[in-house]
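Enquirer: What follows is the residue order along each chain.
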Amino acid sequence: MGTELFQPTWKKVAWYAVLTALAVVILFPVYMTFVRAISQPRAYVLAGQPPWPVHPEWDAFSRAFSLGDLGRKFLVSAVVTTVIVAAQLTTSTLAAYAFTFLQFPFRRLLFYVFMATLMLPIEVTLIPNVQTIRSLDWLNSYPGLVAPFLATAFGTFLLRQGFRGIPRDLLDASQLDGFGHLAFLRRVAIPVTRPVVASFAVIAFLSAWNQYTWPRAVVTEGRWETVQIGLKTVTATTAEQNNLGFAAALVVALPILVLLIVLQRQIVRGLTAGAVKG
Amino acid sequence: MSEVAFDGVTKRFGEVTAVDQLTLDIADGEFMVLLGPSGCGKTTALRMIAGLETVTEGTLRIGDRVVNDVEAKDRDIAMVFQSYALYPHMTVARNIESPLVARRFHVDADAPPRKLTAAERSERVDQAARSLGLTDLMGRKPAALSGGQRQRVALARAIVARPSAFLMDEPLSNLDAKLRAQTRIELVELHERLATTFVYVTHDQVEAMTMADRIAVLNEGRLQQVGPPQAVYERPHNLFVARFIGSPPMNTVPGTVVRTDTGVAVQLGGQRIDLDPVAHEPLADGTEVVIGVRPEHLAVDPDGQVKAQVRAVEWLGHERLVVCDLAEHHITVRQSSGAEPVAPGDVLALTADPAHVHLFDPNTTERLN
Ligand SMILES: Nc1ncnc2c1ncn2[C@@H]1O[C@H](COP(=O)(O)OP(=O)(O)OP(=O)(O)O)[C@@H](O)[C@H]1O
Ligand SMILES: [Mg+2]
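Going down the list, the protein sequences come from chains H and B.
Counting from 1, position 163 in the first sequence corresponds to residue 163 in this note's numbering; the numbering is continuous, with no gaps.
So this note's numbering is basically just the index in the second sequence, starting at one, shifted up by 278.
Hint data in this document are derived by calculation from the structure and do not stem from the laboratory.
All residues carry an ideal CB built from backbone N, CA and C; glycine is no exception.
Check the hints yourself; a few may be wrong.
What the hints assert, rightly or not - In silico SDA-like links for lysine to any residue, alpha-carbon gap of 25 angstroms or less: (1) 419(B) - 396(B); (2) 393(B) - 294(B); (3) 351(B) - 191(H); (4) 419(B) - 137(H).
Unchecked claim - A few chain B residues that face chain H, going by a derived Cβ cut-off under 10 angstroms, partial list only: (5) 348; (6) 366; (7) 387; (8) 390.
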């Protein structure tokens, strides 16, 4: 990091050019979504689909919101996401802790079995899981929406990587100080690996918020639909009002944007942790 | 304040026997150094005292309590780790306070132990910090400290709970030579001030010699010898201790005892070293031995019985080490730099100080005289 300070100017300029180009590539679709969301659809097509707004209509967002009944769906998504993120943080932390610091029979084997579930895409487990949820009579309910996602091999793996960087001596010192495992986890392990925990929280949030296949499978009543299903409904029902689809997409992505901005420092540190030592 | 007693203690990790039948009494208030080469089981022995490793066999006592099944936190022990094991996200103050937070202490006479109040904790933290000169660093995190400062924080964290014994695992090995020498002195002073049992692990014999009341020499998990530094140096019980303690190490050369009318001697190839006839009364003619003489107990002497050819001379400033060939062995002679210069190729006549000749049994490696 520090070396950048001493780079010659031309090198800095080159770097910034590359970064700017990348930023444009990434932000351009977001910008175009915004352009299309506020443009009057017919006028926009007639104007030749330019990369700027045509006949801006600022009420597109509120219309999209009510058309998709996004208020109720935001609530469902918020509850589902909060429960999933909280549960995944808890279970992954505890499991990662056990796999890192505790000795028990078949520890390695269990860990590999656990990790093997990473290789199963949701499509493989979808049907048996739906059948389980149905047999529990949990279709159209919060338990049905969250149950399969309360634990995750990915989070366990990520946090275990973080915990493995903690020197064993810290655990020993903590035990001599009279703290048990839970206290060590709370006082030392989590604070020391905070960037990793934060990155994982963001990843968990993203995947919970963006879920589509699973809610589709276990929800048949409109009032249990999540925002992503609502988004699909808006885009499907408004073929000649397609600006509302773009508007809804932006509205639905808003919480993610806020989260990324708030946690960006932590995330960058989490993603580069281990890559750069010291 | 407590004594620590190992009684036939063995620790096995699967196939590996890290500590083998260790019996060792560490007196109350003693500064005991566990000394031995890498992998000899020093750390394992220390961790058993701390309660961080279980005892496979035997009994371990602290004070009058058998602690085999007592948890680490209930042993009233503090440990300074080689890595210092400071909590990286906590300030110096919080690091030092850590042992006071969860445990219960005997504060009030006749009352059961209780947790300390925040005020009591901060008073003890301040006191520990002051005694180690850390007062100005209390708000810093460990990453912002020098190696020596970290080491002090680790010491402060150890003394803050006023434990009945201190365990230290190579606490000086991460310091530079100058700081190490200074800290050795400070540790001895700390020991005197606290008057508490110290168990100190090192592979560095200088640390052992300079600080210990007694040294316990370990090799391959087994205790080789226990005693005050000088006694261990002057009368090593076996060849391992003889060669391990002392720098440069003791010269050890195999030979045979010869008895003549005039006395006793050891025959080395074509040469002889006379022994003190009284001290070596029991040695039979023809006994195979290993003779050991420390470099400083060999002297160049025109009447010397032993002839050795100089191979190399190492000049160290205040002294020099003369490495010679004797039969097919190398021996080292320590000379002050004022002595008559010698050069490679010279043949020296050497005498060994008879009061400092050590004999060992080549089979059992035990001391014979
Ligand atoms: N947790 C463990 N599992 C298996 N073997 C171990 C374990 N801890 C120590 N050992 C083994 O026990 C023996 C003694 O180790 P120990 O750490 O006590 O040595 P040491 O004297 O402290 O060495 P050093 O000077 O290198 O620190 C070594 O052979 C080591 O490999
Ligand atoms: Mg060790």
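Enquirer: Each of the hints needs a verdict: does it hold here or not?
Expert: Structure-based check of all given hints:
For the hint pairing residue 419(B) with residue 396(B), the CA-to-CA distance comes to about 21 angstroms; that is within 25 angstroms, so the pair holds. Restraint check for residue 393(B) and residue 294(B): the C-alpha separation of about 41 angstroms exceeds 25 angstroms, so the hint is violated. Between residue 351(B) and residue 191(H) the alpha-carbon distance is near 22 angstroms, which keeps this suggested pair within the 25 angstroms criterion. The straight-line distance between the Cα atoms of residue 419(B) and residue 137(H) is roughly 53 angstroms, outside the 25 angstroms bound, and the hint therefore fails.
About 13 angstroms separates the beta-carbon of residue 348(B) from the nearest beta-carbon of chain H, more than 10 angstroms, and the hint is not met. At a threshold of 10 angstroms, the smallest CB-CB gap from residue 366(B) to chain H is about 6 angstroms, leaving the interface hint in force. The restraint placing residue 387(B) at the interface with chain H is violated, with a minimum CB-CB distance near 22 angstroms, outside the 10 angstroms limit. Hint on residue 390(B) is violated. Least Cβ distance to chain H is approximately 16 angstroms, over the 10 angstroms limit.
When each numbered hint is compared with the structure, violations occur for hints 2, 4, 5, 7, 8.
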